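Protein chains: 2
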Amino acid sequence: MVKCAICVHLIYSDIVQKCREELKAIRETNPDLKPTLAIIQVCLCCYIPADFVSTQIGLNVMQICLPRQCTEDEVIDEILRLNEDSRVHGIFLHLPQSFLSRSCHFEVFTEMFVAVVICQHVVRSSTRWIQEQQYQPWRLRPLKLQPLSPVPSDIEISRAQTPKPISQLAQEIGLLPEELEAYGNTKAKVHLSLLNRFQHQPNGKYVLVAGITPTPLGEGKSTVTTGLVQALSAHLKLNSFACLRQPSQGPTFGVKGGAAGGGYAQVIPMEEFNLHLTGDIHAITAANNLVAAAIDARILHEATQSDKALYRRLVPSVNGVRCFSPIQMARLQRLGINESDPSDLTPEEVRAFVRLDLDPEKVTWQRVVDTNDRFLRKITVGQANTEKGHARQTQFDIAVASEIMAILALTDGLADMRARLGRMVVGSNRNGQPITADDLGVTGALAVLMKDAIKPTLMQTLEGTPVFVHAGPFANIAHGNSSVLADKLALKLVGEEGFVVTEAGFGADIGMEKFFNIKCRTSGLKPDVVVLVATVRALKMHGGGPNVTAGVPLPKEYINENLQLVADGCSNLKKQIQIAHLFGVPVVVALNVFKTDTQAEIELVCRIAEASGASAAVQCHHWSRGGRGSVELAQAVKKVASQKNNFQFLYNLQDSIVEKIRTIAQKVYGADDIELSPEAQAKIDYYNQQGFGALPICMAKTHLSLSHMPEKKGVPTGFILPIRDIRASIGAGFIYPLVGTMSTMPGLPTRPCFYDIDLDPVTEEIKGLF
Amino acid sequence: MVKCAICVHLIYSDIVQKCREELKAIRETNPDLKPTLAIIQVCLCCYIPADFVSTQIGLNVMQICLPRQCTEDEVIDEILRLNEDSRVHGIFLHLPQSFLSRSCHFEVFTEMFVAVVICQHVVRSSTRWIQEQQYQPWRLRPLKLQPLSPVPSDIEISRAQTPKPISQLAQEIGLLPEELEAYGNTKAKVHLSLLNRFQHQPNGKYVLVAGITPTPLGEGKSTVTTGLVQALSAHLKLNSFACLRQPSQGPTFGVKGGAAGGGYAQVIPMEEFNLHLTGDIHAITAANNLVAAAIDARILHEATQSDKALYRRLVPSVNGVRCFSPIQMARLQRLGINESDPSDLTPEEVRAFVRLDLDPEKVTWQRVVDTNDRFLRKITVGQANTEKGHARQTQFDIAVASEIMAILALTDGLADMRARLGRMVVGSNRNGQPITADDLGVTGALAVLMKDAIKPTLMQTLEGTPVFVHAGPFANIAHGNSSVLADKLALKLVGEEGFVVTEAGFGADIGMEKFFNIKCRTSGLKPDVVVLVATVRALKMHGGGPNVTAGVPLPKEYINENLQLVADGCSNLKKQIQIAHLFGVPVVVALNVFKTDTQAEIELVCRIAEASGASAAVQCHHWSRGGRGSVELAQAVKKVASQKNNFQFLYNLQDSIVEKIRTIAQKVYGADDIELSPEAQAKIDYYNQQGFGALPICMAKTHLSLSHMPEKKGVPTGFILPIRDIRASIGAGFIYPLVGTMSTMPGLPTRPCFYDIDLDPVTEEIKGLF
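In order, the protein sequences belong to chains X and G. Each residue of the first sequence is one higher than the one before, counting from 2 in the working numbering. Each residue of the second sequence is one higher than the one before, counting from 2 in the working numbering.
Chain X on its own, in the form it takes in the complex (with noise of 0.2 Å):
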């Protein structure tokens, strides 16, 4: 707890009257609160007596009343013992007058300081106290930019800033010292009971950063993002919060680089963005790894041992005692056995406590592991002697896919999340019922090892304004958002005139589609608007132009002024824009301009656009010029966030899995209709049978076209989007249709990243992360 000081300069006696009169003031407005409270005072002649605030103000005061010898290592003690002690609510402590009359007082009353340094007391009033415990108008301080040209690699303008320390950024939003943690001086997480204290506050306006349908080189969503926050607050003053995903570490190593943003449009220091942050993905390589182990152990020891024995082990006498484990019993109520005693189980009971009776060939848990390593696409496990007989074939997927990410980018607290672990399905019995994470014995400790992955983390743009990073799921079979956490603390704090600028991965018929129907429909959040992410060379490709491909130059349409390519391949941003507009959103167009985009090209987007139903079309050029290069976009987002909109969802729970299914691939894809696979038939009917038929759709398809056919650009029509498989996520709460093949493993190409990466061991700067 926070002791709250008082420290009273008593020169003269009205500081003692204001003093009193604030002190009763306090307690006379707020009758519930009990600030704790010390009071040092210096004084020469009167004091406030600590009798009379222990009695009028109702705190448990202590005074302290040194001897008049006493050294300043005594008052400093005394100070400290006291601030220990979690009976006394303050320190209200009266100096006798020699000290100040002695040359010492000068270091007294430093060290005095030192003390109150110390204890972590926070100087201030105690009407501050309380204040500060209702919502705060922000006092953010902006970092200064100054872009140059050109425009230098990502990693040297993220190092050439300094950051604001972390504790001062979250102090000037409003966050109390006591719901951060940080770690190390530039990221920290912020407590969720932030939720508690502003649950009376209104959120602000919630914007959604999607694109077009992209070229495989991406569109810059997130540099767009970064932008717009630093636009909004940096600029135009406005209170604005930026909501990431957290990247995956493999393709940092391997061919994408970091996702911190890019230019002068990032998070700092992109290297902790890119690197372990604070340890989230690798929180949840733990806890998936851990339901992997135990789904194998589980299936050898129950191969290998008797009813009995596996019951003596499972519920074994301790001091000669057996019982059963609260995890146990929560096994056992899901058997219908009413049973607490363990003698008292029959044989059958005995038998259907022990055994899962997983049916190998049936797991569909994988391993994850952050690093792209392609040779574990494929994998056979349990070859060693000690496990002979039990190999199976199996896989490792990259962190980022597994379904413990996407609960936690789903969850909105910590008893939802356990319960959701507890839901998760591994695989199946031999009699085709599910198993799951509860069944395994496994769900408390997946929420232990989940339990400080749940905060946000907190960093700063380039301009010194706050952004949330947390949770980065695969945007195909998982929702690709980042978590409904994040986006709910930062709309509390942002306050109701405030922005919340989240994003959505892969396009829009994707990310956005998720985001609406998965995210906002779990969040109970509704959106204000959808910045829609175009850029002259993506419409280009949609017109037309020939393929794009990463490491090979831009063929020259790319670069000279093509106006035809362009007004053709609008097709697909009007196509999108009608996407967003079938949820009821209003869309703001925002241009990613590059250097070769002429002038001519970029008035024809902004105008088709427009007249495709967009309520602004923008450029931005954030990435050459920080939020300055992106201030239109803001006036334009906050303009079209004021007004009224209609959200709503594309399909009900209610409907039938295969009517949702086709909603979506109609209505967003633009598909003729869908064809089943007897697989995907088959998994449907299954699905219904155990009561998941009424979760919402994950599609499980490319984003490098509206259909499922990755070279289709433009706005593919007359196509039947074939349903390859259908699998589930039950904790996180949703069903992903398989529309082709997804890998969820990147490689590392013949020259990864890595071979640039370096540290200097004497300045321990970073080079070579882009």
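Calculated from the structure, these hints are not laboratory results. These numbers were taken from a predicted model, which means no experiment stands behind them.
Note: identical chains are not told apart, hence a pair may lie in one copy or across any two.
Once the Cα atoms are required to be at most 25 Å apart in a straight line, the calculated DMTMM-like pairs of lysine to aspartate or glutamate come out as: (1) K668 x D569; (2) K389 x E362; (3) K668 x D656; (4) K575 x E611; (5) K645 x E611; (6) K575 x E633; (7) K640 x E604; (8) K768 x D453.
Dock chain G against chain X, hints included.
Chain G in isolation, oriented as in the chain X frame:
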């Protein structure tokens, strides 16, 4: 940079005079020091002129004279603005007189303090600032401990004690705020820059805790270590530091439980200690697996591409320019190719450069995971279509078995760590030449991944005394000791009269031998005393008692008094004392007392121990009583550590590999001789040929017997130690002969620990960890 504030309370002008004198004295006695300085002056009529400070003291101090009518906000804003200006070394604030007669000056005064706190100004005099750069006597405030009987569970004891804020502990032991990186409120990483600041500070006493040959249950070295520092610091008021290994997270959920000590001798919060901590093991996992992914990807790329294609991809043309990266230049140098223009290489040179030609059969590098996953003990990777034809058999080890962990434990800084990472041998090419991480081009990326892990983590014991937790290499295939860096930092921090207590894994024949011959040789540190931990239980086992097995109740011999078994078993204790004496280090025997031990048994052990050459032998009750129960041990350690000793290594590095192994086998284990398998002999020839012959030896032997036969208790004699195979960790810097089979991947039992582990979603408290 921390700005240093002098807070001047100017009531009397003699203070001004005093201040002037102090500032002048600083300048005169420390001509090189430029302490940054903030002077906040609340003044009636006189102040220290800023130009006086600037010219006389040589600091860049800015004086601000605010307008008479300025508001509080303006004052604060000005302070904050200046604080962010890196050119300003200090703030010299002269408030107008009017402030002191206005009724609002109370708020101004408190606001100013808030500003000071916000800015992370440490409010103290310049004298203090300079003093703090030097070694500071500790001002440790131990936490009070009131042990209960019967002793509650470890997690209950841990949770019942509120740890000090880690920043407070850091300040108490003389760390500067800028040397600390908090990870939450109870753990923090400490910067290695401390070693520079204290380079002229003499080391404290260096105490090693080792044990007799243990039962499979362990004999309590960690609790003795923790209890000893609690006794030294909290009861004898001597500076002391415990240096512990970070435990693997896998066994926490398997069979072993936590490793933070136990009972009333624990590191708190124990759940932080046992779970992710500050992410070091996660960083090792990421680094280790990046090497593994790079190996397999490289083999695949080389197998499927021509020299020319490989060269084109490895050295691509970027904007028409081809050049080698620094990492590639280093490889060219190793190959003896002195060209720097990629077009100048001959086809043969290109071939040598692009082909590591790794033999898939001779890859020695394994993947790791920090989970007890027995099904990964032997696996086949690369079975997906995308890698078809390149499947190979390999394995996962538990993360702490990674060579990178051994490197972390032995390195002395970033540059050394980077060099060691680069030297790691991952396999050999088809010509039998070793291939290193440097050859893979991954060294820089590994250093980047490990840049935070290299900083030791500060935590505290139950009694609020400091602990470093850092590194935890395997005690058989590696050397089983915590990090050199943590010990070095701690030895400086405790001061010349202080104590650093570090622990070696397994029995003294393994952990202590490696501590001396490997760790001390690498670090150059000299141990002062060995604390040898014994239990009546283990001694009875060595005396011929029945088998002790985990999870099975102890036979009656271990519960009832049996002096004969104890007396016979002391042979093992005597032998381990003699081993320590081989190295010239005196021994204090610590008998870790269990409640079933009788007074006669305890006295017998102590008598025999002293007769066997121990400098002292005392009983310890830390588990039930905390530091108070180890005061006698602390006194004995203090006394023995003050005696001079003649530390020496057991062998010279220049001895042949066989000779070094034989020396350890005969002198430490008591073997008659060693016997090399043909594989072992071939490896020795190979290592000699590669120039690895002068590395120290790290024996991989069972810890359950002095011999290689776990069932042989006491002091086995008349045996030949078989060396089955020999391996090498070139980066870590040792050769490890295998005596028998070492499991590097534990499994989960039928009823793993996680059955009892859970999280309360409301209180966030963890249940079931032990």
